[in-house]
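Undergrad: Each chain is listed here by its residues.
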Amino acid sequence: MKSIVIENISKTYDQGEVKALKGVSFKVGQGELFGLIGPDGAGKTTLFRILTTLLLADSGDAMVDGLEVMTAYKKIRRRIGYMPGRFSLYQDLSVEENLNLFASLSGTSVAENYDLIRDIYVHIEPFKKRRAGQLSGGMKQKLALCCALIHRPRVLFLDEPTTGVDAVSRQEFWEMLKRLKEQGITILVSTPYMDEATLCDRIALIQSGEILSIDTPQGIVEKYRGNLYAVKSTDIGRLIHDMQDAANIRSCYAFGEFLHVSFERDNATAHQKLDKYLKDKGHSDVVFRQITPGVEDCFIDLMNE
Amino acid sequence: MQKDIVIQVNNLTKCFGDFTAVDTISFEVYRGEVFGFLGANGAGKTTAMRMLCGLSTPTSGEAAIAGYDVYRQTENIKKSIGYMSQKFSLYEDLTVAENIKLFGGIYGLTNQEIKEKSAQLTGRLYMNDQRHKMVGSLPLGWKQKLAFSIAIIHQPKIVFLDEPTGGVDPVTRRQFWNLIYDAAAQGITVFITTHYMDEAEYCNRISMMVDGKIKALDSPSNLKRQFSSGSMYEVFLRLARGAQRTSD
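Residue numbers (the numbering used here), protein chains in the order written: chain A, 1 to 305; chain B, 1 to 248.
The hints are simulated quantities; they were obtained by calculation from the structure and are not laboratory data.
Heads up, the beta-carbon is just placed ideally off N, CA and C, and yes, glycines get one too.
Careful, some of the hints might be misleading.
Listed below are the simulated SDA-like cross-link pairs for lysine to any residue, each with C-alpha atoms no more than 20 Å apart in a straight line [said to hold, decoys possible]:
no., chain 1, residue 1, chain 2, residue 2
1, A, K232, B, Q175
2, A, K19, B, S137
3, A, K232, B, L138
4, A, K232, B, K133
5, B, K87, A, K223
6, A, K223, A, I240
7, B, K87, A, F87
8, A, K232, B, S137
9, A, K22, B, P139
10, A, K19, B, G230
11, B, K87, A, S88
12, A, K232, B, D182
13, A, K232, B, K224
14, B, K133, A, D14
15, A, K19, B, D182
16, A, K232, B, R205
17, A, K19, B, P139
18, A, K22, B, G230
19, B, K87, A, R86
20, B, K224, A, V18
21, A, K281, A, I236
22, B, K87, A, S136
23, B, K224, A, T234
24, B, K133, A, V18
25, B, K87, A, T45
26, B, K224, A, G256
27, A, K19, B, L140
28, A, K19, B, V135
29, A, K232, B, P139
30, B, K224, A, A230
Here are some chain A residues pointing at chain B (derived, C-beta under 8 Å) [to be verified]:
no., residue
31, M1
32, Q30
33, P39
34, D40
35, Y253
Let the sequences and hints guide you as you build the complete structure.
TA: In structure tokens, the structure reads:
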């Protein structure tokens, strides 16, 4: 059985003026760690709200853990954990009080399911008497995850859990998710950070309410059209400018210290011409080599298609 | 080449009670430089930036922003800088043109200047058709590009950018960086924080804050050499892993 089935879901706001989702479909298998990757405004949160039974779709069907979101919402709510993008715990209750509250709302106790949250909770336990509102960003995130897990959900929805979180805490968070996956929990997680996509079993790239591609991270990368090259010179700022005027360039985007470049017509002559062009423009120490595209390269390519 | 110093910081410190949020930091930033101010959540970046913008009085140490003292000349500092962040940028319920007029006025531009700048700015961002649309109805990436352009509408010496590209799509994120480079080429110093490690590579120099102190400061290529790392992400992990603090 699939944990999440989404079929042709559409949702508009403002009397149809804003199209948040335009016929989105995909399935998530049981125990899968599935990433929804896309920028702000892509429709990620709308989809989460529909799946967590907080919002009705205009059209289309969705099932969570075998149950229909429209009719079986009460049952679904008992089986899912949801961590919204905005911190939604009680700021004026302590860490401990929040956790106890969420456990008792679901008719369980912290002790009963402690094994599931132990790894995460140990990080915030020293602050268990502190009010949730007084916690740092990283700790709030861990507490919210504990509260979403305390009733041992079968499906976990995490809406941008790592937005605004530094690189170290982000990595820790993903390690936690991997351990939860090992417990058999299905996880749907959204993120605007493309580098996190590789940590998922499968991903859907979403932009302006439409799915651009669904596959394993490896599969997405393999589908990239043509070859991609990394280019750099001593003056990257000027290189970006000069590349805008270069001939035969399909795309050119900055990626860290390199530019990622693809050609309209890709052959040895094109490479030589570019090399000559850059030398004529006075660039020194030009590096040019073929590279394997990343998820972000693929996303940009699909956006421009 | 003689480098003009626009930000000069010496042993700057800020304490909240017995907690030292910023601990004797010292550095210089030059005219036209893109300076990346990095650190983990809670390292003290925001507190340090607030002092540099003249919004918070230091506990001790010295700093001069565009030549003005952070204790006594905070009003002059505010006139010499621009600021934008992911959270605060523009008024959503005003139109594009109204936002430009409002901020232009606040920054002391004449009506004539506002008119000229407004036309230039919307033209350069390809937003002429959006002039009379509410800012709230624009896509995030457009908003952020507009907010940045407005933050430098008065040709400040320095513009402070606090995570300006969070959540922005990958194409717009790069267009945003083109705007940053253009501003730097005009001699505006760009002081920026980000959680995207690829963006760290776009800076001329980077400082890494850990537990209130600056643990490393150099160009991205020198930092990678110094920490024998292949990317700024690895440099960041190495430095931030040594942190004692876990909170904001």
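Undergrad: Decide, hint by hint, whether the structure agrees.
TA: Hints, one by one, checked against the model:
With a CA separation close to 18 Å, the supplied pair K232 of chain A and Q175 of chain B stays within the 20 Å bound. Only pairs whose Cα atoms come within 20 Å are accepted, and K19 of chain A paired with S137 of chain B is accepted, the gap being roughly 13 Å. Between K232 of chain A and L138 of chain B, the direct Cα distance comes to roughly 34 Å. Violation of the 20 Å bound is thereby established for this hinted pair. A C-alpha spacing of about 40 Å is found between K232 of chain A and K133 of chain B, which places the hinted pair above 20 Å, so the restraint is violated.
At most 20 Å may separate the alpha-carbon atoms for a hinted pair to count; K87 of chain B and K223 of chain A exceed this at roughly 36 Å. The suggested pairing of K223 of chain A with I240 of chain A is violated, with an alpha-carbon distance near 26 Å, which exceeds 20 Å. For the hint linking K87 of chain B to F87 of chain A, the alpha-carbon distance of about 15 Å falls within 20 Å, and the restraint holds. Distance check on the hinted pair: K232 of chain A and S137 of chain B sit about 38 Å apart at the alpha-carbon level, beyond 20 Å; violated.
Under the criterion of a C-alpha separation no larger than 20 Å, the hint pairing K22 of chain A with P139 of chain B is consistent with the structure, at around 17 Å. Distance restraint check for K19 of chain A and G230 of chain B: the Cα-Cα separation of roughly 42 Å exceeds the 20 Å cut-off, and the hinted pair is therefore not satisfied. As the CA atoms of K87 of chain B and S88 of chain A are separated by approximately 18 Å, the hinted pair is consistent with the 20 Å bound. Under the criterion of a C-alpha separation no larger than 20 Å, the hint pairing K232 of chain A with D182 of chain B is consistent with the structure, at around 19 Å.
With a C-alpha separation of about 16 Å, the suggested pair K232 of chain A and K224 of chain B falls inside the 20 Å cut-off, and the hint holds. With a C-alpha separation of about 16 Å, the suggested pairing of K133 of chain B with D14 of chain A holds against the 20 Å cut-off. Restraint check: the Cα-Cα separation between K19 of chain A and D182 of chain B comes to about 34 Å, which exceeds 20 Å; the hinted pair is violated. Simply put, K232 of chain A and R205 of chain B have alpha-carbon atoms about 18 Å apart, close enough for the 20 Å limit, and the pair holds.
Distance hint between K19 of chain A and P139 of chain B is fulfilled; the C-alpha atoms sit about 13 Å from each other, no more than 20 Å. For the proposed pair K22 of chain A and G230 of chain B, the alpha carbon gap of about 41 Å is over 20 Å, so the pair is violated. Straight-line distance between C-alpha atoms of K87 of chain B and R86 of chain A comes to about 13 Å, which keeps the hinted pair within the 20 Å bound. Between K224 of chain B and V18 of chain A the alpha-carbon distance is near 45 Å, which puts this suggested pair outside the 20 Å criterion.
A hinted pair counts as satisfied when its Cα atoms are at most 20 Å apart, and K281 of chain A with I236 of chain A qualifies at roughly 13 Å. Annotation: proposed proximity of K87 of chain B to S136 of chain A holds, straight-line Cα distance about 17 Å (limit 20 Å). The hinted pair formed by K224 of chain B and T234 of chain A meets the criterion: a straight-line CA distance of about 16 Å does not exceed 20 Å. Pair hint K133 of chain B plus V18 of chain A holds up; C-alpha atoms about 15 Å apart against a cutoff of 20 Å.
Straight-line distance between C-alpha atoms of K87 of chain B and T45 of chain A comes to about 18 Å, which keeps the hinted pair within the 20 Å bound. The suggested pairing of K224 of chain B with G256 of chain A holds, with an alpha-carbon distance near 13 Å, which does not exceed 20 Å. The hinted pair formed by K19 of chain A and L140 of chain B meets the criterion: a straight-line CA distance of about 15 Å does not exceed 20 Å. For the proposed pair K19 of chain A and V135 of chain B, the alpha carbon gap of about 18 Å is at most 20 Å, so the pair holds.
In summary, the hint linking K232 of chain A to P139 of chain B is not supported, as the alpha carbons are separated by about 31 Å, beyond the 20 Å threshold. Between K224 of chain B and A230 of chain A the alpha-carbon distance is near 18 Å, which keeps this suggested pair within the 20 Å criterion. Against a cut-off of 8 Å between C-beta atoms, the interface hint on M1 of chain A is violated, since the closest Cβ of chain B lies about 34 Å away. Given hint, Q30 of chain A at the interface with chain B, is violated; its Cβ is 30 Å from that chain's nearest Cβ, farther than 8 Å.
Hint status for P39 of chain A relative to chain B: holds, with the closest Cβ pair at about 3 Å, below 8 Å. Taken as an interface hint, D40 of chain A checks out: its beta carbon lies about 4 Å from the nearest beta carbon of chain B, inside 8 Å. With 8 Å as the threshold, the beta carbon of Y253 of chain A comes within range of chain B, its nearest partner Cβ sitting at about 5 Å, so the hint holds.
Hints 3, 4, 5, 6, 8, 10, 15, 18, 20, 29, 31 and 32 from the list above are not met by this structure, while the remaining hints are.
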